[in-house]
Amino acid sequence: MAKRAVKWLYQELPELVAKGILTADSAEKLRKYYGEIKETGKRWALLVIFGVIGAFLIGLGIILLLAHNWEQFSRFSRAIISLLPLLAAQGLAGWVIIKRPQSAAFKEGSAVFLSLMVGASIALISQTYNIPGDTEIFILTWMLLILPVVYLMQVSLPAAIYLIGITSWAGSYSRDPQRAILFWPLAVAALPHFVWALRQEAYKIRGTLLSLAIIICVNCGVSFSLGKAWPGSWVVIFPSLYTIFYAFSQKKFKGVTANWQRSWRALGGLGILALAFSFTYRYIWQGLMSPYYGYENKVSGLAALSDNILTLVIVAMALVLFYDFLRRKDLSNSLFCALPLLGILGYSLRGGNIVLTTLIFNGYLLALSLSRIMLGIRKNNLGEVNAGMLILGLLIILRFFDSNIGFIIKGLVFIIVGIGFLTANIMLARRGGGR
Amino acid sequence: MKKILIINLFFAAAILQIATPLSMIVRRETVLKSGVQFKFKAQPIDPFDAFRGRYVAIRIQGDEISAPQGEYFKYGQNIYAHIRVDETGFAGFSTGSAEKPQGIPYISAKVLYPPEDRQPESKLRLSLPIDRYYMEENIAPAAERVYREHLRTDKQDAYVLVRVKDGFAVIEGLFVGGVPIEEAARASRANAGSK
Chain B
-10 MAKRAVKWLY QELPELVAKG ILTADSAEKL RKYYGEIKET GKRWALLVIF
40 GVIGAFLIGL GIILLLAHNW EQFSRFSRAI ISLLPLLAAQ GLAGWVIIKR
90 PQSAAFKEGS AVFLSLMVGA SIALISQTYN IPGDTEIFIL TWMLLILPVV
140 YLMQVSLPAA IYLIGITSWA GSYSRDPQRA ILFWPLAVAA LPHFVWALRQ
190 EAYKIRGTLL SLAIIICVNC GVSFSLGKAW PGSWVVIFPS LYTIFYAFSQ
240 KKFKGVTANW QRSWRALGGL GILALAFSFT YRYIWQGLMS PYYGYENKVS
290 GLAALSDNIL TLVIVAMALV LFYDFLRRKD LSNSLFCALP LLGILGYSLR
340 GGNIVLTTLI FNGYLLALSL SRIMLGIRKN NLGEVNAGML ILGLLIILRF
390 FDSNIGFIIK GLVFIIVGIG FLTANIMLAR RGGGR
Chain W
-5 MKKILIINLF FAAAILQIAT PLSMIVRRET VLKSGVQFKF KAQPIDPFDA
45 FRGRYVAIRI QGDEISAPQG EYFKYGQNIY AHIRVDETGF AGFSTGSAEK
95 PQGIPYISAK VLYPPEDRQP ESKLRLSLPI DRYYMEENIA PAAERVYREH
145 LRTDKQDAYV LVRVKDGFAV IEGLFVGGVP IEEAARASRA NAGSK
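Residue numbers (my numbering), protein chains in the order written: chain B, -10 to 424; chain W, -5 to 189.
Source of the hints: derived by calculation from the structure; they are not laboratory data.
Keep in mind that the hints are not guaranteed to be accurate.
Lysine to any residue pairs mimicking SDA-like chemistry, simulated, CA-CA at most 20 angstroms apart [as the list claims (entries may be wrong)]:
{"id": "1", "chain 1": "W", "residue 1": "K(-4)", "chain 2": "B", "residue 2": "F65"}
{"id": "2", "chain 1": "W", "residue 1": "K159", "chain 2": "B", "residue 2": "Y118"}
{"id": "3", "chain 1": "B", "residue 1": "K88", "chain 2": "W", "residue 2": "K(-4)"}
{"id": "4", "chain 1": "W", "residue 1": "K(-4)", "chain 2": "B", "residue 2": "Y118"}
{"id": "5", "chain 1": "W", "residue 1": "K27", "chain 2": "B", "residue 2": "Y118"}
{"id": "6", "chain 1": "W", "residue 1": "K(-3)", "chain 2": "B", "residue 2": "F65"}
{"id": "7", "chain 1": "W", "residue 1": "K159", "chain 2": "B", "residue 2": "G407"}
{"id": "8", "chain 1": "W", "residue 1": "K104", "chain 2": "B", "residue 2": "F127"}
{"id": "9", "chain 1": "W", "residue 1": "K(-3)", "chain 2": "B", "residue 2": "F127"}
{"id": "10", "chain 1": "W", "residue 1": "K(-3)", "chain 2": "B", "residue 2": "Y118"}
{"id": "11", "chain 1": "W", "residue 1": "K(-4)", "chain 2": "B", "residue 2": "Y140"}
{"id": "12", "chain 1": "W", "residue 1": "K33", "chain 2": "B", "residue 2": "F127"}
Covered by chain W, per the in silico footprint, the following chain B stretches (three or more residues, Cβ under 8 angstroms) [said to hold, decoys possible]:
{"id": "13", "segment": "136 to 146"}
{"id": "14", "segment": "162 to 169"}
{"id": "15", "segment": "311 to 325"}
Since we're looking at a predicted model, the values are computed, not measured.
Ideal Cβ positions, reconstructed from N, Cα and C, are used throughout, including at glycine.
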């Protein structure tokens, strides 16, 4: 039961007892059943936030202070002084491990500080000795050095830093897919922590932030490293990726209520819709047919092996999830997760009739929107109906923008779509059950 | 028991974190102490590297060498650049090789532009590990100005002092007109201030 509800119940109890609705005995039993309200949640969050902000500020401040070259010192002493912030951060983190192992605020804060100082010390030494700028090696060294901290302190913000770091490292090799593919083993190295953290508290702010970082970074990692072996195969890979995000949330995060907590579902769903809409345009498919498409980054032979295997794994996972929804006769979700299949269809039709391909995706969006509307009406859920109407409305409007239809008819269609929205809403509201 | 293990592992991780920058220091200090000194003519410019503060970018004169006979190089490949000191005391590169040369000083570098095919005159451009010289933020622009003046007067007397040991190069200082660039930049700034 939600904490707020229990609090409300406890406020009501004395009155209920006074009016004789509950006996004092049963009120006590209720109290025993629900237990004491723990007020630690907010304080915990505040402590974490301030701890982390404080660590960030101190870390950045030290970097700024030391980023100058201080010529008063000899080169060697400058180099040794550069190590002091790192030593201080290690001391702080060590103290937290020994003395405050239960405090998430202390752990996250000191670990972020330590993570930043590892990078700062390497950067400062590079500066002291005029070491050539090799950003890729710098980032990779930095990230590998902070990874143990993630596990030893069980901290999620350094895990997010690590993920962002290896993503930007892979990004610098986006023209060299053979190296960018190393993003995957590097990401897997942090995977046990992500699983642990999301199991612990998927619905709290930590889980949400971590989910957001994972979704964005994996998305970038895929674009940097995959789809180079078959140019244009992104039309299959990205639908599969978003399907996995979406289905993962439907299966694992059912208890979540607030929208901001559903980053997997929201971003996966949005990704699916955005791709489906873009697939209704001819130029996407025309581009795929160009003989030079994706030519410059193309890999082949043995180098393409890991690309091929990972791509197959992602696509197969998406197809299995789609089949699973289908098997359970979950029409709405299985329609949502059908995009990878249609992507494969579109990819294999790419030499043929483009009109047919775009028609398929127009039809897909139509079916998707209608299924949402029907489902919403059946479940008396205004939100579902409006989501379906929104997709339908957008589809109609987009199709009218890229076709040669007169302004009067376009205007009329907009009005009809608008009226449709209003009537559906009014009808559902009249039914009284509209949520 | 588990806590002791975690503390020990953290200690090991901390040692690794310190050892990485420390090994960078030790390696460079060794070369600065016992490496052979060379003077390379240079042409600094002044870009901005947001994360690492300000530095003067350096391009060494004569970083284009004739491609070694019978060897094929591609972009980014390791190459050993052979150092040759001319009669004026400045160092340059005679040629390069994929194998470490015996008995001559060399710098381990990378191929920036390989020679073009079927063009016998085409040169190979080196990407040398001597490409930047960090300066205090507020004198870097003055340093850049000083260098430009030295170019304009056709003196061409800016050079980098480099120590080299076993192919590993570490910059010791950047000089303009025979004085360290820090001094020259400060003098120029003082002059500008008194005018």
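Evaluated hints:
1. The hinted pair formed by W:K(-4) and B:F65 fails the criterion: a straight-line CA distance of about 39 angstroms is larger than 20 angstroms.
2. For a cut-off of 20 angstroms, the pair hint linking W:K159 to B:Y118 stands: about 15 angstroms separates their Cα positions.
3. Of the pairs offered as hints, the one joining B:K88 and W:K(-4) holds, with about 15 angstroms between alpha carbons and a cut-off of 20 angstroms not exceeded.
4. Taking the CA atoms of W:K(-4) and B:Y118, the gap is near 41 angstroms; set against the 20 angstroms cutoff, the hint is violated.
5. About 13 angstroms separates the Cα atoms of W:K27 and B:Y118, which keeps this hinted pair within 20 angstroms; it holds.
6. Under the criterion of a C-alpha separation no larger than 20 angstroms, the hint pairing W:K(-3) with B:F65 is inconsistent with the structure, at around 37 angstroms.
7. Annotation: proposed proximity of W:K159 to B:G407 is violated, straight-line Cα distance about 77 angstroms (limit 20 angstroms).
8. Distance hint between W:K104 and B:F127 is fulfilled; the C-alpha atoms sit about 18 angstroms from each other, no more than 20 angstroms.
9. Taking the CA atoms of W:K(-3) and B:F127, the gap is near 32 angstroms; set against the 20 angstroms cutoff, the hint is violated.
10. Distance hint between W:K(-3) and B:Y118 is unfulfilled; the C-alpha atoms sit about 39 angstroms from each other, more than 20 angstroms.
11. A distance of roughly 13 angstroms separates the Cα atoms of W:K(-4) and B:Y140; the hinted pair therefore holds under the 20 angstroms criterion.
12. Restraint check: the Cα-Cα separation between W:K33 and B:F127 comes to about 28 angstroms, which exceeds 20 angstroms; the hinted pair is violated.
13. Counting residues of the segment 136 to 146 of chain B whose CB lies closer than 8 angstroms to any CB of chain W gives 4, so the stated coverage by that chain holds, three being the minimum.
14. Residues of the segment 162 to 169 of chain B lying with their CB closer than 8 angstroms to a CB of chain W number 0, which falls below the three-residue condition for coverage.
15. Proximity of the segment 311 to 325 of chain B to chain W, defined as three or more residues with a beta carbon under 8 angstroms from a beta carbon of that chain, is not established by the 0 residues found.
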